[in-house]
Amino acid sequence: MGSREEKSAVNTQQSTVESQSFAGQAVATRDAYGAALAELGKRNEKVVVLDADLSGSTKTAKFAKAFPDRFFNMGISEQDMIGTAGGLSLTGKIPFASTFAIFETGRAWEQIRQTICYSSLNVKLVATHSGITVGEDGASHQALEDVALMRVLPQMVVIVPSDGFETKQVIDTVADYEGPVYVRLGRAKVPAVMPADYKFRIGKAYKFNIGRDVNIIANGIMVSAALQARELLSKEGIDAGVINMSTVKPLDTEILLEAAKISKLIVTAEEHSIIGGLGSAVSEFLSENHPISIKRIGTRDTFGGSGKPDELLKLYGLTAEDIVKTVTEFMRK
Amino acid sequence: MATVTQSRDIEFLKKQARTVRIEILKMLAQAGSGHTGGSLSAADIVTALYFYKMRHRPDNPKWPERDRFILSKGHAAPLLYTVLALTGYFDKSLLNTLRKTGSPLQGHPSSKMLHGVEVSTGSLGQGLSIANGMALGLRLDKSPARVYCLLGDGEIQEGQVWEAAMTAGHYVLDNLCAIVDLNSLQIDGRCEDVMKIDPVAEKWKAFNWHIFEIDGHNMEEIVTALDEAEKIKGKPSAILAKTVKGKGVSIFEGKVEYHGLAPTKEELEIALKELGGNGK
Ligand SMILES: Cc1ncc(C[n+]2csc(CCOP(=O)(O)OP(=O)(O)O)c2C)c(N)n1
Ligand SMILES: [Mg+2]
Chain U
1 MGSREEKSAV NTQQSTVESQ SFAGQAVATR DAYGAALAEL GKRNEKVVVL DADLSGSTKT
61 AKFAKAFPDR FFNMGISEQD MIGTAGGLSL TGKIPFASTF AIFETGRAWE QIRQTICYSS
121 LNVKLVATHS GITVGEDGAS HQALEDVALM RVLPQMVVIV PSDGFETKQV IDTVADYEGP
181 VYVRLGRAKV PAVMPADYKF RIGKAYKFNI GRDVNIIANG IMVSAALQAR ELLSKEGIDA
241 GVINMSTVKP LDTEILLEAA KISKLIVTAE EHSIIGGLGS AVSEFLSENH PISIKRIGTR
301 DTFGGSGKPD ELLKLYGLTA EDIVKTVTEF MRK
Chain A
1 MATVTQSRDI EFLKKQARTV RIEILKMLAQ AGSGHTGGSL SAADIVTALY FYKMRHRPDN
61 PKWPERDRFI LSKGHAAPLL YTVLALTGYF DKSLLNTLRK TGSPLQGHPS SKMLHGVEVS
121 TGSLGQGLSI ANGMALGLRL DKSPARVYCL LGDGEIQEGQ VWEAAMTAGH YVLDNLCAIV
181 DLNSLQIDGR CEDVMKIDPV AEKWKAFNWH IFEIDGHNME EIVTALDEAE KIKGKPSAIL
241 AKTVKGKGVS IFEGKVEYHG LAPTKEELEI ALKELGGNGK
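As given, the protein sequences belong to chains U and A, one line each in that order. Residue 259 in our numbering sits at position 259 of the first sequence; the count goes up by one each step and never skips. Residue 224 in our numbering sits at position 224 of the second sequence; the count goes up by one each step and never skips.
Ranges of calculated distance between the beta carbons of each label pair, as one might list FRET restraints:
id	chain 1	residue 1	chain 2	residue 2	range
1	U	GLN155	A	PRO61	18 to 26 Å
2	A	ASN60	U	PHE303	47 to 55 Å
3	U	GLU136	A	ASP141	42 to 50 Å
4	U	PRO68	A	LYS205	27 to 35 Å
5	A	LYS196	U	ILE76	24 to 32 Å
6	A	THR101	U	LYS204	32 to 40 Å
Computed list of lysine-lysine pairs in DSS-like fashion (alpha-carbon distance at most 30 Å, straight line):
id	chain 1	residue 1	chain 2	residue 2
7	U	LYS333	U	LYS295
8	A	LYS62	U	LYS46
9	A	LYS242	A	LYS231
10	U	LYS65	A	LYS142
11	A	LYS235	U	LYS65
12	U	LYS65	U	LYS189
13	A	LYS62	U	LYS42
14	U	LYS46	A	LYS112
15	A	LYS242	A	LYS14
16	U	LYS189	U	LYS249
17	A	LYS233	U	LYS65
18	A	LYS231	U	LYS46
19	A	LYS112	U	LYS249
20	A	LYS142	U	LYS46
21	A	LYS233	U	LYS46
22	U	LYS249	U	LYS314
The hints are simulated quantities; they were obtained by calculation from the structure and are not laboratory data. Every residue, glycine too, gets a C-beta built ideally from N, C-alpha and C.
Okay, chain A solo, but in the shape it has when bound (with noise of 0.2 Å):
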């Protein structure tokens, strides 16, 4: 299987997230359910860390010096299945048993089931911890290895977030970087009128974390970002991504109720005219 082909180039990283996002909607299509808003939210920070910023080798998994990917917004499976499948973890045709009997593809991702699932996820607000354990595993053994999570906005209500945060800031974990994907959205309405998370950076800056604030669908901004957040010393970096939940469809885009709903088939048709591609 193919090694990952891997560059900084903005411009191969913005055609990796358009070919991602059809991928998703493909196969969401295709299981006739599941997570499309989270899972097109964060397709462009996902896309930078799996073709740009993380050491990692799809043909050995457990290669003790990867760097580490928790997704933590577990639900935004779909979007880790199509990075691990166009980077060579397995086939791509795998990616149409998503959500079927006995499939190695999971509604939410299992990592005994799937090579490149670091642990599974799909209860949410556990992942940072996880991830934190992490980190201090890799310390202790010097490792150059760093870890990424990728958090939900509505997750961060989750008290245990925050006691993960605090462990972080306290046991100094600098080879750990959270992002959070602000895409003002949850299940039952805008964040702001479920449960308001304001101020985000406020509240990780005093949790003693170093905070980048960027727009999450700027493929420049983050990839600036991840490399800034590595040479962070001292402190965890959080990255708080400013995105659009079902980003790069129209009739997607900041739609609540796409959270949990699968593209229909007229709809898959609509968004791959605007993603400008048939999938090939």
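This is chain U alone, in the form it adopts within the complex (with noise of 0.2 Å):
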């Protein structure tokens, strides 16, 4: 549709935005978004980005940098800002609009329920900053439930990477799926977890094993944490499988039964209140069809606080170690 001479101008700006995979990465989820945003940008001249005034936060800056034309900046009205995605999804685009998940999915819940899934609109809602990782910001910036708001939305696919590589593939993806999602990100640098041939695929967890004792289910930051769990439990000599569930909506039931039916204990590990999240999905499928003892691992009914991020892990209960100890005291009865 553009003349020639927009053509080229597109042209040099690509030229500027590398392609990252992030294999092997320890890197915040939110820029591998950025990054992976602006590598689709250039792929892809449907995708525009909306933002609520913290695009240098959630790193959609650097698509606005490459990308004006097909950048809107909202302002601080997330309400607005979903409705506008929406109505951008109606012309064919494909929206990515974010801002942190409290906002996003707290303010605006609402609308996306109203706009957005029951029109059952293209439109994706990529959220960073979400649980405490967040930091010294405290509880006003920490989402703890916005995992529980999304997921009960009919339509909507929730989404929660577990590092950087893993996050540009499901940022790859959504855009090529038809549908609302809400993709969570976080704030903090995180270890990389996922194997060098990992694909993401919705829907679809990662098995790193199955254990005979105990399996971790685990989506987020909590995927690195079930990883080191289970190396501290196999030197008290249990044995424990991981699993990143990192789409909490559609579950992956399959991999849950098969992970059910053979541990005697499942434990479920997100950085989100246990109600509503990971936790509370894995247990509303397994108490139904294959009962089995489950413990959850989360923020117990509270809201967040100030502090380091690594402090905050400890101080609610969100490390290995506590994964550990859920798993031995069980094992102990």
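From these two lone chains plus the hints, build me the complex, please.
Rendered as structure tokens:
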């Protein structure tokens, strides 16, 4: 549609966006998002991006710089941002709308319900600053309820990537998927956990291994904690498995059943309230289909608080040691 | 299915508006519930859009170059369904299924269930944001299509409307036209008593909109405003249409209780007599 001049302008911009897979790299998932989005913008002209005055933090600024015509800063108005994203999708665009997780899912929840989900619009809600690892900003900025809020909505797909490598693939994948998606990202740098040959698919969990005693179903930053816990448990003679359930909805029930049938205990681990998130999703499914003992690691009906991310993870019981303790206490009984 | 006959002829449009009112009342009476007052107050405006102003193809509802209409005040669904049926999007007999279990004619419009409905509405305050997004997307595609969005006057008490008003001004969406149905009433009473919205015109102006103030039941004024709005460049346009809730039927006019009451059989008879038609 554009003139030749516009085309060449786009091409020169493209060269500034390099390709990065983030395999094996410790990086904040929001940074992987920013890079993936800018790259996606180069490949797919339909991609447009909206932000609510947080583009520097959500990392959509990278896309904004490369493709200013396809970036819309909506100002501090999350509800309007969601509706505008919906309208853009109705003209065939693929809108990515970003802000902090609590403002995206909390402030604009009913807009997401009515406009995006009920009309089944092709909008990608990619929120950063989820969980307590937001750190010093404290409770007002730490979404511990967002997965619950999004999971309850019909049509919505909910994805919580574990590292930068997975995030990059999630972003590429959801751009090609038709329908509403919520992607939950974080602020803090996280270790790389996914192997280099990993391929993300919506609704497909990744099985590191299946344990005979216990299987830990984790997502987001808790995958790394689960892997550490596995090592610690093996020293105590407990055979633990780890599954990355990055898609919370639709849940990979096949892997869940496989894990539940083989072990005595299922542990869920997430940087989210134990009410309504991954732990609830797993419990709901297993209690109806293969009742088994379940322990949920997550925040416990509480708000977050200020502090250093590592200290907060300890304070709120979200470490490998917390997983180990939960498992060993159960085994002792 | 026939494509729509459109004309700027005022007598033609007035006749269509009368038919639209008759169909609205018949479908509401048949359904036994639904929103009478706000469907009637906007009937002339929406008739002018579908029977004159908007470029649309009822036999091809997804035609990319079509003008878009967003019914932000989704409770006026009977009005939208009527103009869609009368312009040929679906068979008129479907109007009898309004609000019935399984019907595509849901209590509030559902885009997944009915062709011609651009997006689902019913929760007030959201339509203008959606219209903005469409206007932005169409502009990116260099499309000639325009976007129309109908809001209620009670509805503009919603904060999101003003977020969207700010956005349309900021992004200079001159392919967008908002229409506010100023019928002075909401559910709990007069807007003036529930939550003052005045001065309305100054508000839109302050958000960098070009405004038209018209009599929303004067067909000549309506079509003139719609024509003029199309010529305004560098600003979004808002048509502030003074209307009467329940317009066209004396027993409903200006009556707050008929916001959400459907006509009874007896009321329907009175109404049809007044509108000069048995509906055929
Ligand atoms: C967000 C939201 N809150 C409340 C309602 C309930 N409701 C339906 S119509 C209405 C009054 C609307 O008044 P107005 O916008 O003036 O519409 P009109 O008079 O044109 O019918 C209300 C409060 C709603 N549909 N959505
Ligand atoms: Mg009103």
